[in-house]
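**Student:** Chain by chain, the residues run as shown.
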Amino acid sequence: MAVANPPAETTTVTTAKKPGGGFSWAALFFLGPAALLLLVFLVFPAIYTFVLSFNRGRGGEFTDWVGVDNYVRLFTEDPNFLRLGFPPSGALWNNVLWLIFYTSLCVLLGLIIAVMATRVRYEGIIKAIVFLPMAIAATAVAIIWRFVYFPDSDTGLVNALFGIFGAGPVAFLGSPDTVNWALIAVGVWGSVGFATVILSAAIKGISSEVLEAARVDGANETQIFWRVIVPMVSLPISVVAVTLIVNVIKLFDLIYVMTAGGPGAASRVIAFSMYQEAFPAGQFGYGAAIAVIMLLLLIPVMIFNVRRFRAEAVQQ
Amino acid sequence: MTALQDTSVQAPPRTASERLARFVSRSPTHIILGLIGLVWMVPTIGLLITSFRPSADMRSTGWWTVLVEPRFTTANYERVLAGEGMGEAFLNSIWITVPSTLLPLVVAAMAAFALAWVKFPFRDTIFLLIVAALMVPVQIGFIPLVTAMRESGVPLLTTYGGVWLAHTAYALPFGIFLLRNFFITLPKDLIEAARIDGASNLAIFRMIIVPLSVPAIAAYGIFQFLWVWNDLLMALVYTQRNELQPMTVEVTRLLGTYASEWSLLAAAAFVIMVVPLVVFISLQRFFVQGLLAGSVK
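Chains as they are written, first to last, in the working numbering: chain A, 1 to 316; chain B, 1 to 297.
It should be emphasised that the hints constitute simulated quantities derived from the structure, not laboratory data. Some clues are possibly wrong.
[What the hints assert, rightly or not] Which chain A residues face chain B? A few, computed with CB under 10 Å, are given here:
| # | residue |
| --- | --- |
| 1 | Leu38 |
| 2 | Val43 |
| 3 | Phe86 |
| 4 | Trp93 |
| 5 | Val96 |
| 6 | Ile143 |
| 7 | Ala281 |
| 8 | Leu298 |
| 9 | Phe309 |
[To be verified] Where chain A lies over chain B, by a calculated footprint (3+ residues, C-beta under 8 Å):
| # | region |
| --- | --- |
| 10 | 103 to 113 |
| 11 | 276 to 283 |
Where is the CB? At the ideal position from N, CA and C, for every residue including glycine.
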């Protein structure tokens with residue numbers, strides 16, 4: 001449970017003793033297969049993708065070196081990737097929407113469910129129910145929700161409920177105005193269980209004396225939630241939030257199956273654009289540039305994680 | 001375990017009226033949790049019911065009408081498994097998933113052992129590089145690897161070779177991270193004693209580390225199994241023949257062909273879901289442990 005333990009950030013001792021010993025055949029034997037696979041599938045491809053992002057790479061033929069043209073096109077000439085207007089649109093902007101709403105809703109709902117569940121006898125059941133979508137394929141989640149959103153009040157549950165109140169069937173996934181919100185709702189449905197389980201473990205670590213003291217001092221339950229529980233689990237919250245942010249940057253399956261980026265390109269996200277431009281459209285250089293952007297977006301998270309674990313690795 | 005519960009439960013209610021009073025005071029909690037339970041259960045149950053409804057019924061009425069006229073059939077499952085290729089795709093999913101789970105398990109356990117218990121230069125640096133590699137998106141490999149696999153003449157995209165190797169490689173950072181953090185918690189005295197008795201590293205790995213780490217290895221194995229079973233993207237990129245593709249890819253083809261044949265699509269979705277559901281329900285403890293330990297992936 002790395003999550004519940006605050007990392008000892010203050011003890012980043014780089015001068016601690018190094019593990020002794022020189023070159024070791026045993027290390028080579030045990031580490032060799034992993035090192036080989038990581039070099040061939042991760043390190044070299046990452047460098048090569050960076051290089052190829054400066055090529056046109058049409059249809060997989062890397063003959064046309066174009067400098068930073070792919071990047072310039074992505075940010076200035078491709079409304080499917082980014083269009084800065086009012087309102088902005090494009091894959092990168094949709095990722096921003098996901099980042100803000102998916103992350104905050106998952107954390108907030110996860111906290112609320114975790115806190116409320118500790119007060120009832122069916123805590124285990126409610127946590128399992130909310131967690132269940134985490135176990136099933138995003139592909140299956142996508143089918144479940146395409147069915148729920150189906151624009152026919154005799155088939156789709158949401159439109160059947162709308163029908164009761166006299167509202168006409170709405171094509172949630174068919175309109176650029178609603179599609180991203182409908183997808184984010186599904187994303188939240190799929191990930192709240194993760195936030196709930198992690199935050200619930202953290203909340204249980206809060207000593208009952210602290211909560212008792214707050215109650216004795218006259219705090220009500222809302223104040224206890226915002227002023228005591230939330231600050232005391234701020235580190236697990238940040239870990240959960242970082243994981244959700246990574247999910248957003250890597251988000252692909254749900255979009256591919258629910259909307260294929262549509263209608264038009266209204267619900268594209270960067271991971272979808274990367275696949276779409278590289279494979280169906282055959283623009284390998286353009287796809288490589290998007291992959292590089294994805295990696296760059298994840299570098300702050302890498303630094304966050306490395307800092308969390310450096311102290312531990314060196315002390316050991 | 002229930003620090004918070006203890007404070008809010010206080011003294012247990014003794015009389016019926018006390019119990020009623022407590023229930024009423026808690027009723028907002030029950031109502032909200034009840035609603036959440038419904039929103040998280042009903043969509044899946046609706047699809048499950050639809051998968052057992054005759055398709056004529058599906059076309060004319062909503063699944064909720066089964067409450068008044070229950071009529072069920074297994075025809076959708078028969079059709080989707082036999083006629084629509086989900087049966088073969090199920091086998092393909094197994095063919096992809098089993099090696100893609102076992103291979104990284106072995107390779108990651110070995111590397112994690114070296115990083116935890118073998119002394120060599122730059123060990124900590126290598127571990128921190130592994131932590132950094134946790135975040136590398138699979139997309140970074142697509143273009144060079146697909147190009148290389150196509151041009152090398154080695155049949156990796158037209159067999160399972162490519163998808164096995166790719167899944168293995170991208171699973172390693174998480175596996176090494178998880179297992180190394182578990183291995184270093186094993187008793188140092190035990191391993192030092194074995195070394196003094198002349199045990200080789202391989203013997204220590206096989207006789208001490210692996211047997212003592214079954215819970216961690218199982219957690220990683222289950223996590224990786226579900227990860228690969230549920231994967232769509234890697235299968236789309238690294239298996240380029242229809243006969244090889246897993247259910248997640250097959251079902252997107254069905255969605256393209258039968259956009260509103262919901263009884264068929266529902267059955268297909270449940271064929272994908274059945275294995276993860278069984279794994280989740282029977283091995284929930286391991287699964288949640290793996291998730292908690294690896295919440296950085």
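**Student:** Against each hint, give a clear statement of whether it holds in the structure.
**Tutor:** Evaluation of the provided hints:
1. Leu38: holds (6 Å)
2. Val43: The hint holds - valine 43/A has a Cβ within 10 Å of chain B, the shortest such distance being about 9 Å.
3. Phe86: Violated: closest Cβ of chain B sits about 30 Å from phenylalanine 86/A, beyond 10 Å.
4. Trp93: violated (19 Å)
5. Val96: violated (18 Å)
6. Ile143: holds (4 Å)
7. Ala281: violated (13 Å)
8. Leu298: Cβ of leucine 298/A sits 5 Å from chain B, so the hint holds.
9. Phe309: Holds: closest Cβ of chain B sits about 5 Å from phenylalanine 309/A, inside 10 Å.
10. 103 to 113: Coverage by chain A holds here, the residue count being 5 at a Cβ distance below 8 Å.
11. 276 to 283: Since three or more residues must qualify, the claim that chain A covers the region 276 to 283 of chain B holds, with 4 doing so at under 8 Å.
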